[in-house]
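Under my numbering, the first residue of the sequence shown carries the number 1033, and numbering increases by one thereafter.
Possibly wrong hints are sitting among the right ones.
[Claimed, not checked] List time: in silico DMTMM-like cross-link candidates among lysine to aspartate or glutamate, alpha-carbon distance up to 25 Å:
| # | residue 1 | residue 2 |
| --- | --- | --- |
| 1 | K1097 | E1310 |
| 2 | K1097 | E1262 |
| 3 | K1274 | D1136 |
[Claimed, not checked] Just the calculated beta-carbon pair ranges, DEER-fashion:
| # | residue 1 | residue 2 | range |
| --- | --- | --- | --- |
| 4 | R1099 | G1055 | 39 to 45 Å |
| 5 | E1289 | I1072 | 32 to 38 Å |
| 6 | G1055 | S1240 | 44 to 50 Å |
| 7 | W1100 | H1169 | 39 to 45 Å |
| 8 | L1138 | E1311 | 16 to 22 Å |
| 9 | C1241 | S1129 | 38 to 44 Å |
| 10 | F1052 | W1100 | 35 to 41 Å |
| 11 | N1137 | G1245 | 23 to 29 Å |
| 12 | P1074 | S1293 | 46 to 52 Å |
| 13 | P1236 | I1072 | 35 to 41 Å |
These are computed hints drawn from the structure, not numbers from a lab. Cβ coordinates follow ideal geometry from the N, Cα and C atoms, glycine included.
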Amino acid sequence: MTDSRQWTGKTGGGSFGQKFLFGFLKKVRVSFLYPVLYLIIPFYLLFGRKGYKAMMSFFHEHLGKTRWQAFWATVKNHIIFGQVVLDKFALLAGNTSQFKVSVDNLDIFNQAIDLPSGFITVSAHIGNFEAAGLCLHQDKKELNGVVYGGETQAFSQHRAEAFQKSHLKLIPVSNDMSHLFAIKSAVENGEIVTLHGDRLWGSPKYFSCNFLGSEAHFPIGTFRLATQMEAPVFAVFIMKEKGLSYHGYVYRLNHLENEKSSVKKAEYIGRQYVEKLEETIRKYPEQWFNYYDFWAKS
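Throw the hints in and build the complete structure from the sequences for me.
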């Protein structure tokens, strides 16, 4: 599998625009800027044809909507994505008190925090995972965020500063897969590693399973590391609700006992992750933010 099918995930706006947003949203309620999206989004729909077609296909072919329903769902998806991006800037700027959060199954996460062993949390490009620091705030373990390394200097700097205040370190994704070794080291040191499990990032190692009605590929590397280290794994999704409210979902993923094959053990965890991911997407269909043909095989 090549990277040609994938959306890079790089935050738009350029360095100057991002610096302006950080400064502005540090003091202003983020919803003040939401109406601006209704002026901007039509241009993304008109000129971002790749993303537009991918979302139309997602809603029509994988969620069974009519083309008219798929169109309006695509419009809503772009608007919510714009809101989530603005929320991210506000969160990274430190203006967190305006947000309301609630979390399902927070107790199982807190129980893992109290144990000496490290663990892995796996999310996806849905909702707003930057809000996890607000939802899952703790000061007992170092948190390592595996992130895309191609962001602008302004965005990377503010993200690093904001994460530093929350005892969170960054592990950039690398083409040579060296980030997998950094993940292993962090877990062995009793720390938390958090990453997305819905993009291959160029890795040739994956497992296939049915996802929203069609076969899809998911990276297996992280799940193999988890099985080799016998590390606990949690699926975590932070979803946007009405206004400035977020709802977090935490799920403990079980290991396969009495099995020698590391691949089968990894796939067992991975398929649980995919099941919870699909369940969440069906509940929040407009918050799927992979703007490329996710089901393409090449």
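With respect to the beta-carbon atoms only, verify the hint that N1137 and G1245 lie 23 to 29 Å apart.
Given range 23 to 29 Å: holds, Cβ gap about 27 Å.
That 35 to 41 Å hint for P1236 and I1072 (C-beta), does it hold up?
At roughly 37 Å between Cβ atoms, I1072 and P1236 fall inside 35 to 41 Å, so the hint holds.
Between G1055 and S1240, does the C-beta distance stay in 44 to 50 Å?
Holds, at about 45 Å.
Taking 39 to 45 Å as the stated bounds, is the beta-carbon spacing between R1099 and G1055 within them?
For G1055 against R1099, whose Cβ atoms are near 42 Å apart, the range 39 to 45 Å holds.
Does K1097 pair with E1262 here, judged by a C-alpha cut-off of 25 Å?
With Cα atoms ~41 Å apart, K1097 and E1262 exceed 25 Å; violated.
Falls inside 39 to 45 Å, the C-beta gap from W1100 to H1169?
Given a distance of about 42 Å, which is inside 39 to 45 Å, the answer is holds.
Does the Cβ-Cβ separation between P1074 and S1293 fall within 46 to 52 Å?
51 Å Cβ-Cβ, so the 46 to 52 Å window holds.
Check whether the Cα positions of K1274 and D1136 lie no farther apart than 25 Å.
holds, 17 Å
Taking 25 Å as the top limit, are the C-alpha atoms of K1097 and E1310 close enough?
Satisfied, since the Cα-Cα distance of roughly 16 Å is no more than 25 Å.
Do the Cβ positions of C1241 and S1129 conform to the proposed distance bound of 38 to 44 Å?
holds, 41 Å
Range agreement (Cβ of I1072 with Cβ of E1289, hint 32 to 38 Å)
Violated, at about 51 Å.
Does 35 to 41 Å hold as the CB distance between F1052 and W1100, or does it fail?
holds, 37 Å
Consistency with the previously given hints fails for numbers 2 and 5, ordered from lowest to highest.
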